[in-house]
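Participant: If you want the building blocks of each chain, they are given just below.
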Amino acid sequence: MTIAYPEAFWLFIGVAGVVVLLLWKFRRGRRDLARLGSEVWSPESANVYLVKSFFRGVCMTLFFSFVVLALAGFHWGRRPIEEDRSGIEIVFAVDVSLSMLAEDIAPNRLERGKDVVRSVVQDFAGSRFAVVAFGGKAVPVLPMTEDKYAVESLLTVLSPETLTAPGTDIGHALEVAAQAFPESSARHQALVLISDGEYHTGDPDAAARELAERGIPIFAVTTGREEGAPIPLIGGGVAKTHAGEEVRTRANPRVMQRLAETAGGLHLGADEGNVFVRLRDGLEEHTERRDRDGFRLAAVPRYRLFLGFALLFLVLENALRIVRWRDSF
Amino acid sequence: MWVLEHPSALLLLLLIPPAVYLRHFWPERGGRVLFPFAVYNGSGFRPRQWRVQLLHNLAVAAFWAGLVALILALAGPAEVSRQPVHLSRGIDIMIVLDESPTMAAQDFQPENRFESAKNVIRSFVQRRENDPIGLVTFAKEAALRVPPTTDHEHLLDALAKTRIMELGDGTAIGLGIAVGALHLNAGEAGERVMILLTDGKNNAGEISPEAAAAIAADLGIRVYTIGVGREGEAPIEFVDPETGTQYRGTVVEAFDEEQLRRLADMTGGSYFHASSSAALESVLQSIDTIETVERRTRVEVQTEPLHRQVAGFAVLLLLIEFIIRTLVLKEIL
Chain L
1 MTIAYPEAFW LFIGVAGVVV LLLWKFRRGR RDLARLGSEV WSPESANVYL VKSFFRGVCM
61 TLFFSFVVLA LAGFHWGRRP IEEDRSGIEI VFAVDVSLSM LAEDIAPNRL ERGKDVVRSV
121 VQDFAGSRFA VVAFGGKAVP VLPMTEDKYA VESLLTVLSP ETLTAPGTDI GHALEVAAQA
181 FPESSARHQA LVLISDGEYH TGDPDAAARE LAERGIPIFA VTTGREEGAP IPLIGGGVAK
241 THAGEEVRTR ANPRVMQRLA ETAGGLHLGA DEGNVFVRLR DGLEEHTERR DRDGFRLAAV
301 PRYRLFLGFA LLFLVLENAL RIVRWRDSF
Chain P
1 MWVLEHPSAL LLLLLIPPAV YLRHFWPERG GRVLFPFAVY NGSGFRPRQW RVQLLHNLAV
61 AAFWAGLVAL ILALAGPAEV SRQPVHLSRG IDIMIVLDES PTMAAQDFQP ENRFESAKNV
121 IRSFVQRREN DPIGLVTFAK EAALRVPPTT DHEHLLDALA KTRIMELGDG TAIGLGIAVG
181 ALHLNAGEAG ERVMILLTDG KNNAGEISPE AAAAIAADLG IRVYTIGVGR EGEAPIEFVD
241 PETGTQYRGT VVEAFDEEQL RRLADMTGGS YFHASSSAAL ESVLQSIDTI ETVERRTRVE
301 VQTEPLHRQV AGFAVLLLLI EFIIRTLVLK EIL
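Chains L and P, in that order, give the protein sequences.
With the working numbering, the residue at position 47 of the first sequence is 47, and numbering never jumps.
With the working numbering, the residue at position 67 of the second sequence is 67, and numbering never jumps.
The set of hints was computed from the structure by calculation and includes no laboratory data.
One or more hints might be untrue.
If we take Cβ atoms under 8 Å as the criterion, some of the chain P residues that face chain L in the derived model are [unchecked claim]:
#1 Val33
#2 Leu87
#3 Gly90
#4 Leu182
#5 Glu233
#6 Thr326
Yeah, the Cβ is synthetic: ideal placement off N, Cα and C, and Gly gets one too.
With the sequences and hints as input, model every part of the structure.
Facilitator: Here you go:
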């Protein structure tokens, strides 16, 4: 089961507000009815008022709750979506933020990441590749092309100096990478994300869900270790805070793992010995499975179930209002 | 185009008229306080305050509209778009564009040779939807700007950013062809074409145009050469991007027609002469018609679900109704 828009759950605060209003309405209503005098207000009608208000309130609350659940975008189960494609297009989203210069894996995170790109380009000759470089924002630096020399010459110049925006925004990187896939293409598509998983802004999970929706898996390659390492600067020395303390950057493989799982790909550590082989096998399996099956499996949205219940409770609430109880109201 | 994925849910709309009757007109309906008027002989009360009446009507309208919207959301509204998917592979095309200072000569309308070449290339690119197109520019040096790509938006962006004299002062036709051939060769296309646009004689670079054309011919790349410019003098004006100095003068230098013709012949392409913007446009149009390839496309249907928007709208209306009744009209029952 997946939830496409978990941010919708914030609307439950609004539902709580509705409950408060209903309680206030009940108290005020009881007081006002009592003022109308004995013609209207008797112990029996007070009882009817209590029971009716209670059930109508419950229905109203359930109505709003189910609408919120419908808006949250629950998916479960899978259905096949026909797909007739061949060949593959791979977008590399390469983190070029300063933390990628840390040397906790040899020679450093960025160079190791470039080696991963090179090995994929070598293994998938004849496929198309695009490169998105990202730091505080993401820029498509190479459009989708078969030209492996262009990839190679780009890799030699890719460094933190390529981009000026400081920070790391993996979410934006995934969005820009998704746009780098041509719309009218009949090839399989995959995204290779190369990063240490440390991010400061953006919502990578939402972007990953978007990719999952389009059937594009994320092969996330974590560069760096959790223990962390200092960041060497290009001019020499290491990055320090204003207080003069050494800055340590820690890789966050859990974020990368989560993104890969969300979009149905694979998570790999760049320092694992067999990372090149595993990545190749993963990409090959992805295309072969889709080729063989001729379809991809997509999660089935279940909003209608929740909307149906919401409608039911809305109607029930009105029925309770319309039906007169014991000749009271 | 709009579609409903589960139109049967619309049958629920049939229940609305009886529901309206029960809720607003049925004599036995609840939700009201009934007073016995044993002695009163006139007609019943009507709230006379028009504000109250207006708010009440507003709430009623919001409720029923919200209910309809909710049923509509249940029917699964979606927007369907048809996307053509190219099944066949296009021709790889490399555009090799001269960036030397003489391209600033103002004998081409409206601005100069360089700008009108860019305009003409832009419309050419837009006609070749399925072909990977790349861009190499050259002056004293040659450089790959964009590898052959079907991402034409990216290509046109890069084309718009090119400036005269970024690669120095000179005309290295041989280098331009060689760089273009190298990057064309990196792809898997069966058909490969290069379009060379220049207005000068080769006077720089380590590779002679003939040697480069021989490489291209070996790789099976057809080179179309286009000589740009008019006979005689032309005024020229450009800014050196490195120093920011503005240059002005006249240019008399012309391209080497014989050589361009030779290069085209060696590779199985053709030579064209363009002496005006319109001529250049028609040259690229004829290349467009020569280089055709069978196109197979399939239409892919993409559905963009809209139920969240519709459901959100519905709940907003129903919330408005709830708030008017509870907070503004202070309804009791």
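Participant: Would you list, in rising numerical order, the hints stated earlier that this structure does not obey?
Facilitator: Those not satisfied are hints 3 and 5.
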